[in-house]
Amino acid sequence: MLPLSWFLVVGGALFSVGLYAVLARAHAALVLIGIELMLNAVTLNLVAFATYAPGGQFTGQVVTLFVIAVAAAEVGLAIAIIMRLFRNRATVDVDVVDEMRW
Amino acid sequence: MLSVGLESTWLLVALPLFAFTLIVFAGRWLPRQGAFLGVLATGVGLALLALLAAAFQRGGEGAFSVDWLRWAGFAIPLGMHVDALALVMLGIVTSVSFLVQVYSLGYMASEPRYGWFFAVVSLFAAAMLGLVLADNFLVLYVTWELVGLCSYLLIGYWYERPAAAAAAKKAFITTRVGDLGLLIGILLLFRATDTFSMSETFDLAQRGDIAQPLLTVIALLVLAGAVGKSAQFPLHVWLPDAMEGPTPVSALIHAATMVAAGVYLVARALPLFEAAPLALFVVAILGLVSALLAGALAVVERDMKRVLAYSTISQLGFMFMGLGSLGYSGAVFHLFTHAYFKALLFLAAGSVLHSLATQDIAQMGGLLRRMPWTGATFLIGALALAGVPPLSGFWSKDDVLHAVLTYQSPAFGLLALVATALTGLYVARVVLLAFFGGPRSEAAQHAHESPAILIGPLVVLAVGAAFAGLLAPLGVVRALLDPGHPYTFDPGLAVLSTLAAVVGLGIGWAVYGARLLDAGAIASRFGSLYGLATNKFYLDALYQAMVDRVVLTLARLVAFFDRRVVNDMGVDGAGVVTTAAGERLRYLETGKLYHYALLMVLGVVGITLIVLVIG
Amino acid sequence: MSPALLVFALLALAALVSGLGSVTSRSVVYSALFLLGALVAVAGFFILLLAEFLGLAQLLLYGGTVVVLIFFVLMLTRQEEGERVDNPWRWGAAVAALLFFALYTFAVLTTPWPAEDPELISIGELGRTLFADWVLPFEIASMLLLVALIGAIIIARARD
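Chains as they are written, first to last, in the working numbering: chain S, 15 to 116; chain Y, 10 to 624; chain U, 264 to 423.
For the record, the hints were derived by calculation from the structure and aren't laboratory data.
Hints should not be assumed to be uniformly reliable.
As the list claims (entries may be wrong) - What follows is a set of in silico ranges between Cβ atoms, one per label pair, in the way DEER data are often shown:
#	chain 1	residue 1	chain 2	residue 2	range
1	S	Glu113	Y	Val586	23 to 33 Å
2	Y	Leu594	U	Leu276	10 to 20 Å
3	S	Glu113	U	Ala419	18 to 28 Å
4	U	Leu361	Y	Gly624	17 to 27 Å
5	U	Glu379	S	Met114	43 to 53 Å
6	S	Glu113	U	Pro377	44 to 54 Å
Every residue, glycine too, gets a C-beta built ideally from N, C-alpha and C.
Using the sequences and the hints given, assemble the complete structure.
Following this line, the structure appears as structure tokens:
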């Protein structure tokens with residue numbers, strides 16, 4: 015059987031890629047995409063653990079289900095916020111939302 | 010016929026304690042603010058005491074204890090030890106408390122804070138009774154402090170008067186010095202014996218299981234506590250000032266009971282002192298010095314209550330002399346008789362004050378004719394104090410002098426007799442100036458006898474002062490306190506002591522009664538001595554200077570440290586640092602999302618690295 | 264070369280390429296499409312890991328709803344001039360991400376994982392567990408979805 019660590023590494027790679035997107039992208043929707051990639055990496059890890067952990071299948075998979083559900087809810091809200099932002103500022107560049115500062 | 014066992018002795022403490030609680034919490038809804046509860050508590054206590062005495066008669070002494078605190082295989086017991094000494098003290102405290110409270114029903118009647126007086130007196134009674142019953146140094150110390158607190162509260166009863174407040178403070182602080190010694194002594198004793206129990210400790214001391222010089226040090230420290238509480242030299246300065254309190258307080262606490270606590274402590278701990286002869290001698294010496302010093306100061310004092318206060322110091326000195334000469338029964342018997350005739354004298358003085366509104370002897374005169382009952386009872390008390398046979402003071406003082414003359418050097422004995430003579434002198438002075446001759450002021454002119462509720466206790470006490478002494482030749486005293494040495498009448502000693510008293514009285518009569526010698530001329534002859542005496546031998550001034558120079562300087566230093574270091578740097582400093590840091594760190598909030606995200610990632614990486622390296 | 268290994272390698276390649284493509288593309292639409300590819304690859308992983316139901320759920324939920332929503336957003340927020348897609352911190356971000364990946368991989372590879380054979384669990388059992396042991400989180404999750412729904416409506420509503 016394939017070793018667990020391989021799956022974990024792939025998950026980590028995906029996570030890092032998503033992390034890059036969150037840090038480096040200037041369009042709000044692209045940041046959102048990065049977040050989604052990170053979440054997916056996490057679910058991948060969870061399911062890998064679920065499968066490979068003795069007696070942990072149920073817990074792992076159920077939790078993953080919840081993560082997916084919550085991610086979906088979060089995307090909905092994020093979309094709403096981006097829409098609002100666009101309506102107020104006519105742009106979705108993340109640099110314009112910098113008024114909550116010193 | 011109701012019979013109780015000695016294990017019910019704790020009720021004696023519980024009754025006045027309960028009275029205190031009731032008066033404090035429910036006083037405002039009770040008639041006369043609940044004052045009667047205090048009287049009731051001690052009254053019932055007297056009845057109980059009679060039953061307890063019967064039990065003692067039947068079964069001998071008893072010791073009871075119950076474990077109080079327990080930890081790590083070590084327990085602090087709460088013990089009660091009822092023996093002859095305890096019973097004598099219980100009798101004194103309960104009866105004098107009762108009589109004084111009855112007296113106060115009339116004397117304090119016009120006070121707005123009437124109830125509070127009786128509450129604190131009840132608390133005092135409970136504490137004093139607890140002190141006497143304690144078989145455990147911890148309990149003793151707690152009740153010791155409690156008694157001191159009640160004294161503070163009662164001296165400062167009229168706290169609106171600055172003199173009273175200052176006197177209360179002085180009393181508390183002076184006794185504190187002694188109490189500190191007592192505490193250190195108790196702790197040292199515990200380290201040496203691993204127990205707080207008095208009986209066990211005394212056993213160990215007697216068997217020689219506690220090493221010298223530790224034992225002497227401990228005994229001296231315990232003596233320090235006794236010296237403070239009993240106002241002996243050098244901690245005597247608070248007692249004259251304590252006369253700022255109401256007269257019943259002076260009678261109860263500063264004549265009969267609290268000041269006797271020091272004597273009680275030394276008597277109780279005599280096994281310790283017996284094993285440390287040096288400390289025993291110090292006891293006797295301090296007693297002698299106090300007796301002479303206070304006697305001298307009483308001769309030149311003009312305030313009637315202060316004369317009595319100095320007299321108390323002096324008589325307590327006699328008791329200490331007796332204890333220091335291993336005259337246990339004499340000292341305790343003198344404690345017993347002194348309690349009654351001194352309380353009598355104070356209450357009678359209170360009656361005079363009640364009528365004249367002045368305490369200055371120079372403004373009295375001729376009071377015997379105008380206040381016959383007060384005058385007669387005062388006279389009885391005064392003669393008992395002087396040691397005139399067959400009044401009580403004679404028998405007890407004799408027993409003390411017997412011990413002193415047997416145990417100490419002839420020089421010591423001679424000085425003790427001088428102190429006896431001094432007693433006669435100041436007694437004669439006070440009596441003659443106040444009650445005989447012609448009235449020397451308007452107030453004295455219009456003096457009238459006090460109401461019955463004040464006179465009643467005076468009469469009861471006068472009877473005691475007159476006849477209680479006969480317990481000695483009847484053998485009761487020795488049987489109770491010193492069964493091994495039955496009483497024998499020593500005619501030589503009787504003559505000697507009576508002679509000393511008569512000499513003192515005679516000089517007093519010569520100066521103040523028959524005007525054969527002029528007081529003023531004597532005063533100028535012994536000018537420097539007179540000056541010393543009127544300035545209380547500058548002891549008060551010395552102590553005040555010590556406080557001002559040493560204590561207050563130290564206090565200023567500590568206050569500075571507290572203000573600048575602890576407060577400004579420590580407390581405020583934390584706030585200042587936080588604010589300054591905040592003002593600089595706020596520039597991290599740029600508002601841009603990706604900055605925050607980057608910092609988060611760096612943070613996580615950093616922490617993980619740290620954990621990897623360390624953990 | 265076992266079939267599992269081959270499938271794994273293909274999926275891994277697909278996931279990585281899609282992911283990288285998603286985050287480096289200069290066109291927003293292409294980014295979203297690459298995202299879809301990555302999600303499908305992950306679904307494949309789920310099936311490889313014998314979690315079939317989850318694989319299906321992944322495809323439905325993510326592929327079906329999340330990506331569609333993202334497309335909506337992209338369409339509705341189009342700007343006339345070219346919009347900026349990358350910000351000047353790119354290289355710092357790359358370094359940070361690489362650093363993170365390095366640390367993570369080091370941690371994973373140095374941990375002794377237990378080696379067990381995976382088992383298949385039936386969907387029926389999963390369902391039973393979900394509604395028996397996990398019923399409370401389930402209810403809370405539904406509440407969460409409701410709240411998110413209401414919140415989204417309120418935030419995105421036209422001003423009146």
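Which numbered hints turn out to be false for this structure?
2
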